[in-house]
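Protein chains in written order, with the numbering used here: chain A, 14 to 185; chain B, 101 to 288.
Treat the hints as calculated values from the structure; they're not laboratory data.
Incorrect hints may appear among the rest.
Between beta-carbon pairs, the in silico distance windows are [what the hints assert, rightly or not]:
| no. | chain 1 | residue 1 | chain 2 | residue 2 | range |
| --- | --- | --- | --- | --- | --- |
| 1 | B | ALA271 | A | GLY116 | 39 to 47 Å |
| 2 | A | TYR109 | B | PRO152 | 22 to 30 Å |
| 3 | A | ARG180 | B | LEU258 | 24 to 32 Å |
| 4 | A | LYS125 | B | GLY202 | 45 to 53 Å |
| 5 | A | GLN84 | B | GLN183 | 19 to 27 Å |
The calculated lysine-lysine pairs, modelled on DSBU-like cross-linking and capped at a C-alpha distance of 35 Å, are [as the list claims (entries may be wrong)]:
| no. | chain 1 | residue 1 | chain 2 | residue 2 |
| --- | --- | --- | --- | --- |
| 6 | A | LYS112 | A | LYS52 |
| 7 | B | LYS159 | A | LYS110 |
| 8 | A | LYS108 | B | LYS160 |
| 9 | B | LYS150 | A | LYS181 |
Rough simulated footprint, nothing fancy, chain B against chain A, three-plus residues with beta-carbon under 8 Å [stated by the list, open to error]:
| no. | region |
| --- | --- |
| 10 | 59-72 |
| 11 | 109-122 |
| 12 | 132-143 |
| 13 | 161-169 |
| 14 | 173-183 |
Ideal Cβ positions, reconstructed from N, Cα and C, are used throughout, including at glycine.
Each chain, letter by letter, is given below.
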Amino acid sequence: MEPREQKHTRLTENTDFEVRSLDTICINESELKHPWWYKLKYLLIGLLFGIILVKSEVISWFRIQEMFRLQSFHMFGVIGSAIAVGMLSVWIIKKYKIKTIYGERMEFVSRKFNKGNMYGGLIFGFGWALTGACPGPLFAQIGTGATATIVTLLSAIGGTWVYGLTRKYLPH
Amino acid sequence: MIEWLSQPWPWYIAGPLIGLMVPALLLFGNKAFGVSSSLRHICAACIPAKIPFFQYDWKKEAWSLFFVTGILLGGLAVALFFQNPEAVSVNPKLVNELQQYGINNYTGVVPADLFNWSTLFTLRGFIIIIVGGFLVGFGTRYAGGCTSGHAIMGLSTLQWPSLIATICFMAGGFFVSNLILPFILNLG
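Bound-form chain A, shown alone:
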């Protein structure tokens, strides 16, 4: 496959970087066409991520309570070193202009601040302390057999839906 450089047109007032919803051009998103089973590699990466989450006990409700009571360094160590390695990786990628395995240029978008970062952040913090899980761990917890967490996940999907419904009335 020929390596190619992708230029994306960017909207001037797009604060929604997550999907191609606004003009069907997504930022930092491959536009190559592949058969569906190419996506199985994400399943594999997710599988590894899930194993790490469980083995390091970061999906434990108890570990989260410990973290918020400053009773253990464990969670801070995990999150802190993950950020450090992530930062270093991104720095290396940018410095050496590393491309994806399909030869595409990696693009990083700057996020624009909106008030949701604060209000939503606090609301998520409340939920994190109650459920002892952020979205990633919710999936991992269900996998380990904590079946009641299925309800937590469904409720989180409900919360996302209500956000979508009420979005235009919320301060951003």
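Using the hints, position chain B against chain A.
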């Protein structure tokens, strides 16, 4: 190897491995690490209800659904093949505190005394599971990301809005865990 795999992993092994998710997803397909947007794609796929926020081609974001399915299978794999042999060992102060609320079972990833199908219909179970879950879904989307998308991916790419979001996650968590949760756990 099997024995090592069966032990809980220390932070200095797990943290860097989680950090490597960032370059892995970038290398394999130019994807930004993040989990909570999968919840939005589920809404867009199943219950879009003509809400503009869910009007997009979710199939183009389907990688995210593969990713979270993998996370679930990862949890299953550990439970089946290399479960941590002992219950999570936490600070004795926390053990003492939780004892007052009748939480004594540390074997699962969530306290079995709180998260089960019968407690769901008690007030404290309802608040923790249903209200808690709702706040996670609503808050992450309002904030534009969760621990993976903001704290790890956002900070890795030096986004200052992500720093603000991360500080707010922590502030909200400290507040509820220390000041509100004790009341809820007392509800029985």
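Given coverage of the region 59-72 of chain A by chain B, tested with a Cβ cutoff of 8 Å and a minimum of 3 residues: It holds, with 14 qualifying residues against the three required.
Verdict on chain B covering the region 132-143 of chain A, where coverage means 3 or more residues with a C-beta closer than 8 Å: It holds: at least three residues are needed, and the region 132-143 of chain A offers 12 whose Cβ sits within less than 8 Å of chain B.
Cβ distance range 39 to 47 Å for ALA271 (chain B) and GLY116 (chain A), holds or violated: 43 Å Cβ-Cβ, so the 39 to 47 Å window holds.
Proposed proximity, LYS110 (chain A) with LYS159 (chain B) (alpha carbon, max 35 Å): holds, 29 Å
Pair hint LYS108 (chain A) and LYS160 (chain B), alpha-carbon separation not exceeding 35 Å: This hinted pair holds, its Cα atoms lying about 29 Å apart.
Per-stretch coverage check for the region 161-169 of chain A, three Cβ contacts closer than 8 Å to chain B: Since 8 is at least three, the answer is holds.
Consistency of beta-carbon spacing, GLY202 (chain B) to LYS125 (chain A), with hint 45 to 53 Å: holds, 46 Å
Coverage of the region 173-183 of chain A by chain B (three or more Cβ within 8 Å): This one holds; 8 residues, not fewer than the three required, reach chain B with a Cβ under 8 Å.
Restraint check for LYS150 (chain B) with LYS181 (chain A), where alpha carbons must lie at most 35 Å apart: holds, 14 Å
Restraint status (C-alpha distance of LYS112 (chain A) to LYS52 (chain A) at most 35 Å): Given that 35 Å is the threshold and the Cα spacing comes to 18 Å, the pair holds.
Outcome of range test on Cβ distance (ARG180 (chain A), LEU258 (chain B); 24 to 32 Å): With Cβ atoms ~27 Å apart, the hint holds.
Outcome, coverage of the region 109-122 of chain A by chain B - at least 3 residues whose beta-carbon is closer than 8 Å to one in that chain: Check passed, 8 qualifying residues.
Of the numbered hints given earlier, the model fails hint 2 alone.
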